[in-house]
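Participant: Model the placement of chain B on the given structure of chain A, informed by the hints.
Protein chains in written order, with this note's numbering: chain A, 3 to 112; chain B, 5 to 118.
These are calculated hints, taken from the structure and not from any lab test. Ideal Cβ positions, reconstructed from N, Cα and C, are used throughout, including at glycine.
Output of the computed footprint for chain A on chain B, the stretches with three or more beta carbons under 8 Å from beta carbons of chain A:
1. 45-56
2. 89-99
3. 109-116
Derived Cβ-Cβ restraints for the label pairs, each shown as a range:
4. A:Lys54 - B:Thr9: 24 to 34 Å
5. B:Pro12 - A:Thr53: 33 to 43 Å
6. B:Met45 - A:Arg69: 25 to 35 Å
7. A:Thr30 - B:Asn66: 24 to 34 Å
8. B:Leu101 - A:Asn24: 29 to 39 Å
9. A:Glu78 - B:Asn104: 18 to 28 Å
10. B:Pro87 - A:Gly43: 20 to 30 Å
11. B:Pro12 - A:Glu71: 38 to 48 Å
12. B:Leu83 - A:Thr30: 31 to 41 Å
13. A:Lys70 - B:Phe100: 22 to 32 Å
The residues making up each chain are set out below.
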Amino acid sequence: GNSVTQMEGPVTLSEEAFLTINCTYTATGYPSLFWYVQYPGEGLQLLLKATKADDKGSNKGFEATYRKETTSFHLEKGSVQVSDSAVYFCALRADYKLSFGAGTTVTVRA
Amino acid sequence: NAGVTQTPKFQVLKTGQSMTLQCAQDMNHEYMSWYRQDPGMGLRLIHYSVGAGITDQGEVPNGYNVSRSTTEDFPLRLLSAAPSQTSVYFCASSSFLRTNTEAFFGQGTRLTVV
Chain A
3 GNSVTQMEGP VTLSEEAFLT INCTYTATGY PSLFWYVQYP GEGLQLLLKA
53 TKADDKGSNK GFEATYRKET TSFHLEKGSV QVSDSAVYFC ALRADYKLSF
103 GAGTTVTVRA
Chain B
5 NAGVTQTPKF QVLKTGQSMT LQCAQDMNHE YMSWYRQDPG MGLRLIHYSV
55 GAGITDQGEV PNGYNVSRST TEDFPLRLLS AAPSQTSVYF CASSSFLRTN
105 TEAFFGQGTR LTVV
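Here chain A stands alone, though its shape is the one from the complex:
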């Protein structure tokens, strides 16, 4: 079946530090890959996505590249801000269902 393995947190960083959250997947077929973000007290919202191999998704300074050869979709940001404190979920969609990773809690300190 389809599954997502995500680097577990929590992760604590200082402002302007580099952030990377690892995500690998197992899927049949050709999945689309997503990163969702959940700010405190809110629902999940799409951060970025990539729908085929070598695609790079980007938004709000975050980037992730769909690597078919390593079945990975790692999330990166070069300089984090306090406002990036949130829970980040990696997800894949190979059919109509979404499969989620366990989520990574990121805290950025001023």
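Facilitator: Positioned in the frame of chain A, the structure of chain B alone reads:
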């Protein structure tokens, strides 16, 4: 610009009570689903629906019922609440055929069963 609307946002139940969590979407999405979010466990799929009149079980369906009488609405019923159902519940909707598109989530319902 409503998207997915969930009600209520917060609820406290006594053990054994029943209730319905409401979910409505205005994007004409065929696929709707319910998740529960528990610390350290990510999101777990409870039930889902691929269209009006069609529902199926997810990973953790016990203690919950769903129905889908219209495309827009997908309520989740707790039949007899238990403390183990204390959680945050999210409803989501997405296109069924366009699997390269994202799911949209409601704001969540924080349920406490005492």
